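> Given these sequences and hints, build the entire structure.
Here's the letter readout for the chains.
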Amino acid sequence: MAGHVAGQHVDVRVTAPDGYSTVRSYSIASSPNSDGRIELTIERLPNGEVSPYLTQELAIGDRLELRGPIGGWFVWRTEQTEPIQLIAGGSGIVPLMAMVRSRGFSASTVPFRLLYSVREPGAIFYRNELLALSDHNHSVGIAYAYTRAAPKNWPRPPSRIDASLIADTTWPSNLVPTCYVCGPTPFVESATDLLIASGHGRDKVRTERFGPIGERK
Amino acid sequence: MGTISRGFTGRRSLADAKLPPGQYLTTDFPVLSAGPTPHIPLDRWEFVIDDGTNVLRKWDWKSFRDLPTETITVDVHCVTRWSKLGTSWEGVSIDTMLADVKTDASHAMAQSYGDYTTNLPLKDLRNKQAWIAFRFDGKDLVPEHGGPARLLVPHLYFWKSAKWVRGITLMHQDKPGFWESLGYHIYGDPWREQRYSGDE
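Chains A and B are the protein sequences, given in the same order. First residue of the first sequence: 1, per the numbering used here; consecutive thereafter. First residue of the second sequence: 1, per the numbering used here; consecutive thereafter.
Just to be clear, a hint being listed does not mean it is correct.
Covered, in the sense of this in silico footprint (three residues per stretch, anywhere, with C-beta under 8 Å from a C-beta of chain A), are these stretches of chain B [as the list claims (entries may be wrong)]:
(1) 6 to 12
(2) 29 to 39
Some, not all, of what chain A presents toward chain B, calculated at C-beta under 8 Å [said to hold, decoys possible]:
(3) A16
(4) Y20
(5) R63
(6) G72
(7) T192
(8) R206
Worth flagging that the hints you see were computed from the coordinates, not collected in a lab. It should be emphasised that the depicted structure is a prediction, and the values quoted were computed from it without experimental measurement. The C-beta atom is built at its ideal place from N, Cα and C for all residues, glycine as well.
What follows is the structure in structure tokens.
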């Protein structure tokens, strides 16, 4: 697989002994790097067909069939110089984390802000890594939104992101950032409406919608 | 056959037999778009057929809705691998919209509000293969799914069914649209699994 750009994904094919196979797409979590390895972060869905296998059964040394990297739109390249606003809902953090890591790996000083919305504190992916970033100069400005349960003494009661949170924690539109929004569809619809309402151009907002796939209702 | 994944058993479904290769069935209706959902007021909506220079035909919402419509039930297949069977739509056949248009164009670029584009051979839009759809599942098409009206071309991957469609530009040669310029297949036949530009 050729080197990737932050934000791209791979298609993972799993095949049962009788030849039945199925494919799922997962965002690459790792930065483009020189050692030829990639990291995928996979959320285990209780009724999933593939994620329980990949997160619980797969063992070191097992072989996986991948195709990719795929994607030319929802990507951040180190040549971009404009400020970047990342907005993640739940597991939508994965491709955005690849962008954050890519920025770090290339020692970029492009101004990044991340607004990361989760149900409750335990649901934060990459917690320690994000904490370390917050402590560092020239790093990424990170804000959290908790929708079901917030940490003790958190200044906002648990709630979805709204106009005031966007105003308080994200780049103002007059800086003309490129915005990347990733997460479940309702989250993405809401976050992008808020960004547009606060003055960002429609062409400055890129979206990627995640979700469980397969039989749901 | 692919690399066997040690310990994977999978979950087969009876419907798998009717699906194009690499697809699985969903009863959901996922939303995938590159950017924000446009919201177009009906009193400003229009649909234009042009040849890149001249407007050949134009409709506003009222004149569009005066055209004869059809209700169709089709299967849709997304390049991200979900397929939804038996989806019900109401729309105007592209054959109706092209009825008075004289052209020797070979291809078409569907144009959408929000600047999305996708290209198709003109013959794939003719002969009961394509519609401008404005109702889904018995209700007005919502903006998230491309409302007020979207192109519907079920025999190709669903990215060719341009949401928020506002017109068709007739062309004498093929040219890649939005996703086709970003690594997706120029034609997109799900039955030949033409997902990405490298695919046969």
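> Determine for every hint whether it applies to the structure shown.
Evaluation of the provided hints:
1. 6 to 12: Our answer is that it holds, as 7 residues pass the Cβ test (under 8 Å) against chain A, meeting three.
2. 29 to 39: holds (count 9)
3. A16: holds, 5 Å
4. Y20: Cβ of Y20 of chain A sits 5 Å from chain B, so the hint holds.
5. R63: holds, 5 Å
6. G72: holds, 3 Å
7. T192: holds, 4 Å
8. R206: It holds, given that the least Cβ distance between R206 of chain A and chain B is near 6 Å, below 8 Å.
Consistency with the previously given hints is maintained throughout, with no hint failing.
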